[in-house]
Amino acid sequence: MDLATETQDDLLIVRAMEDRIDAAGAIQFKEQMRSICQNPQSRVMLDLSRVAFLDSSGLGAVVAVMKLLGPGRRLELAALTPTVAKVFRLTRMDTVFTIHDSVPNGFPSAV
Amino acid sequence: MDLATETQDDLLIVRAMEDRIDAAGAIQFKEQMRSICQNPQSRVMLDLSRVAFLDSSGLGAVVAVMKLLGPGRRLELAALTPTVAKVFRLTRMDTVFTIHDSVPNGFPSAV
Amino acid sequence: MAFPAPSDTPYATGTGAVFQITSTPLAVRRALREVLDHSIMSGLSKDARGTAELVLAEALNNIVEHAYGTDDGQIELQLHQTGSRLSCDVFDAGMPMPEGELPAGLAQIIGEHDDLPEGGFGWYLIRTLTEDLTYRRIDARNHLSFKLNIEQ
Amino acid sequence: MAFPAPSDTPYATGTGAVFQITSTPLAVRRALREVLDHSIMSGLSKDARGTAELVLAEALNNIVEHAYGTDDGQIELQLHQTGSRLSCDVFDAGMPMPEGELPAGLAQIIGEHDDLPEGGFGWYLIRTLTEDLTYRRIDARNHLSFKLNIEQ
Ligand SMILES: Nc1ncnc2c1ncn2[C@@H]1O[C@H](COP(=O)(O)OP(=O)(O)O)[C@@H](O)[C@H]1O
Ligand SMILES: Nc1ncnc2c1ncn2[C@@H]1O[C@H](COP(=O)(O)OP(=O)(O)O)[C@@H](O)[C@H]1O
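Chains as they are written, first to last, in my numbering: chain A, 1 to 111; chain B, 1001 to 1111; chain C, 2001 to 2152; chain D, 3001 to 3152.
Derived from the structure by calculation, the hints contain no laboratory data.
All C-beta atoms in this analysis are idealised placements derived from N, C-alpha and C, irrespective of residue type, glycine included.
Relax, there's no trap hidden among the hints.
What follows is a list of derived Cβ distance ranges for each label pair:
hint, chain 1, residue 1, chain 2, residue 2, range
1, C, Gly-2100, B, Ala-1052, 34 to 44 Å
2, C, Gln-2020, D, Gly-3043, 38 to 48 Å
3, B, Arg-1034, D, Gly-3083, 46 to 56 Å
Using the sequences and the accompanying hints, generate a full structural model.
Below, the structure is given as structure tokens:
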């Protein structure tokens, strides 16, 4: 799982560079996010613009990352593609995360 | 819809005397609960020991009663029969209500 | 009404029953009592009976509320038992389902106090408790079909 | 393995495809790419393709994880398109479903931070997105069958 990071003051932006977070990649994604989240920024935003597909294992991994941030920090999501947005909507997990249409200015465009 | 009431200090106990709260009776149940809940007790407990069946309309009516109690008072439930308990469990609404195995001493037994 | 006769349904063995129901909540309540008292339900456990009553109530009340709405209408319920399954076929001549397909039956969002859901549980319960759930619109009629596991 | 040959399935018309999949997450990922690239999927809208990939991923990964677990195993996926429906039949020779029936697929309880659910979404998604969902255990094999609405 390739992840690219950028910091904007108190915001850590992590972009998933693979086109899927699925059962075959979920554990690796979670472990890499764990080490990236050692960074001290209080806001962590996951840019999912390149992720065309996420299954329930991928969803579980995103929730796990939210939890390992601890109670003081929250995971925010940005730029969900249609199928990924559908998984969050159907499972109602879209009520748990702050979801942004796009990442804030500065991060190079995904496309 | 027949409802019997009893007060114990700050607790208002309401026993549903019919064997079902369903689509045909849900609105009437809600309206009668609305007037009963004019009583000032801060805790309202609904005794469901005689209710063998509750459908999604009945569930909706119970939720509506909880809401019309306002933010300072909560609706508690007691003595759910198996099928009624199943509806609360499947819809996860068992996480919303305080559910007691039985009503506190004093109320005459349902059976 | 000309719903397919139960003899048209492709069941070779087992026992069956047919019920005609007027499209009102009280008629549905009466019909459920009749169904639960019928010999076809006599072998079911208490738990299976409760599940059957719940699923049938949701299916029938949805028709009363959404397919016929304020219109008068007729509903036919066909039950057929084969082995460990109770097959249920429900016919009505009301409005078709939205977009011509089974509602998704999403889990409700359980928000805080004022945002608690008061409806929308029906199709979630039907999907959760049934097998072989099918909806077809044929000749201006709705045909909903599902099976209940009545083993245990 | 002797899963029923696709010619044994009771489809008269339409197009079909069969895929053999080893029971590992990576093999499932590769198989999904093959399935999505197959001509049988070419007429589907982007949305229907996404839904198909999701449901198939959940069904196949459940077999990898729960039916075979740490054992090696083989999965066969049969697809058949007729009109507006894509029929999916999945066969494996792993452990049967708990209690021999389809998991309920309950909505997850969305608690506070530490209580958020990390799993258990699979069968809820399958139930929500499919029609005609059936599970049968026959001759020590699991047969899961469902249809996807591929209209729109
Ligand atoms: N039999 C039906 N015929 C037509 N539309 C229906 C039918 N059943 C359900 N619907 C539609 O699906 C929606 C969801 O139904 P349901 O889950 O039972 O929740 P509720 O009835 O509480 O709204 C309904 O609001 C309605 O728009
Ligand atoms: N193909 C299968 N074979 C056997 N058991 C299964 C299968 N699929 C699911 N199960 C059981 O059903 C449960 C619920 O499955 P699911 O909703 O996919 O959630 P999860 O896989 O995240 O636990 C699993 O925990 C497992 O016990």
